[in-house]
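Enquirer: Okay, here's what each chain looks like letter by letter:
There are 2 protein chains.
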Amino acid sequence: MRKKVEKPKKNRNLQKTRAEILEAAFGEVFTRGFQGVSVDDIVAKTNLTKGAFYHQFPTKLDLGYSLVEEVIQPMTYSRWIEPLKKYENPLQGILDQLKQLIGKAHPVHLQYGCPLNNLVQEMAPQDSIFKEKLATALHNWIEGIEKELNRGKQNGFIRPEVDTRQVAHFVVMAHEGFYGMLKGLNDPKAFQALYNSIEKYFETIKNI
Amino acid sequence: MRKKVEKPKKNRNLQKTRAEILEAAFGEVFTRGFQGVSVDDIVAKTNLTKGAFYHQFPTKLDLGYSLVEEVIQPMTYSRWIEPLKKYENPLQGILDQLKQLIGKAHPVHLQYGCPLNNLVQEMAPQDSIFKEKLATALHNWIEGIEKELNRGKQNGFIRPEVDTRQVAHFVVMAHEGFYGMLKGLNDPKAFQALYNSIEKYFETIKNI
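Heads up: the protein sequence lines correspond to chains A and B, in order.
Okay, so the first sequence: first residue is 47 according to my numbering, each after it adds one.
Okay, so the second sequence: first residue is 47 according to my numbering, each after it adds one.
Treat the hints loosely; a few may be bogus.
The list treats identical chains as one, so a pair stands whether inside a single copy or across any two.
Restricting the straight-line Cα-Cα distance to at most 35 Å, the calculated cross-link-like pairs of lysine-lysine (DSBU-like) are [stated by the list, open to error]:
hint : residue 1 : residue 2
1    : K55       : K106
2    : K62       : K246
3    : K62       : K91
4    : K235      : K106
5    : K106      : K56
6    : K96       : K193
7    : K246      : K235
8    : K235      : K252
9    : K62       : K106
10   : K132      : K246
11   : K96       : K235
12   : K145      : K246
13   : K199      : K131
14   : K131      : K177
15   : K96       : K145
16   : K235      : K56
Derived by calculation from the structure, the hints in this document are not laboratory data.
Work out the full structure: start from the sequences and follow the hints.
Expert: The structure is reproduced here in structure tokens:
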């Protein structure tokens with residue numbers, strides 16, 4: 047009996063440990079970069095031992111891969127794709143989300159940029175598995191946007207001849223570009239300039 | 047007499063040393079990130095001693111600031127602004143440069159992204175002086191593009207009501223976004239998708 051009860055508990059604990067490490071690592075990597083953070087730094091932010099860390103993630107790179115797959119990908123989905131589903135017109139949804147999540151974000155948050163973009167810029171050239179995981183995250187984002195745009199096209203908000211895959215590429219590029227620029231510019235007016243341009247671009251694809 | 051001859055020679059040598067260090071550092075930082083490279087790594091890529099390095103750059107951060115001001119800023123100017131001057135229509139110049147420098151670039155080069163964007167993403171949140179230097183580099187780029195767009199407006203290629211500052215912001219964002227995306231995606235078709243969208247955006251501002 048004991049064994050049967052213990053096993054699921056152990057699994058639950060392992061999952062809790064994993065979640066605790068990933069949460070701590072996300073914050074550290076987001077603010078200091080992947081190469082700027084050591085396993086010791088991450089362990090110090092948890093109540094765990096270094097042994098518990100290595101039990102979950104044999105190397106720091108393994109942790110990085112899991113950060114992309116288990117934290118950043120679901121986060122991208124829930125911030126940038128899920129909210130579009132409540133809009134009849136996804137173009138309006140994309141503009142509203144940009145305003146909400148970037149335009150109204152506190153400068154302290156914006157100074158760290160986008161967790162996915164940061165890792166792409168820092169780690170894609172350093173490690174081929176990292177690059178593969180990051181490319182998958184970007185592709186899933188593009189595909190998610192494309193799907194919403196296709197729905198918008200079916201609902202008559204987007205011109206029938208528009209290549210929604212192409213627009214989805216551009217939309218994701220613009221999100222990463224917005225974050226990247228706002229991180230580099232000490233200029234609160236920059237968001238509006240960028241926003242107005244993407245709004246104008248949408249004019250070229252929307253059904254009138 | 048000897049002293050008078052020696053002094054300019056010493057200055058020339060110091061300048062040569064500085065250039066040698068900056069060149070080596072640029073390559074290392076471009077391919078491995080600022081935090082991923084040590085002073086030792088950089089010195090090893092030169093024929094100089096560590097003493098010669100520290101004589102030029104008291105700290106690694108000082109080297110980083112000089113990389114932005116003495117290497118990356120002039121490079122940005124000569125790659126993305128200077129070539130526009132030979133175009134009557136700067137919008138065409140911007141599109142041609144994107145095709146030339148990104149669309150036709152070898153994938154090996156694109157995998158490392160844009161030297162300026164990389165440093166912005168990595169170092170802007172880490173150090174306020176770095177951020178200031180990087181913001182200046184971005185602002186100079188935006189201003190350079192704005193100036194060319196104003197010329198294009200005067201020549202009748204851009205609609206009179208267009209806010210050229212805003213367009214310049216968007217153009218620089220798109221450059222950084224292009225580099226950022228291509229670095230993350232293993233997809234040679236991505237450039238065309240992005241390029242077509244910026245071309246469409248230009249349709250909204252050009253004089254017909």
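Enquirer: Hints numbered earlier in the text: which of these fail when held up against the supplied structure?
Expert: 2, 6, 11, 15, 16
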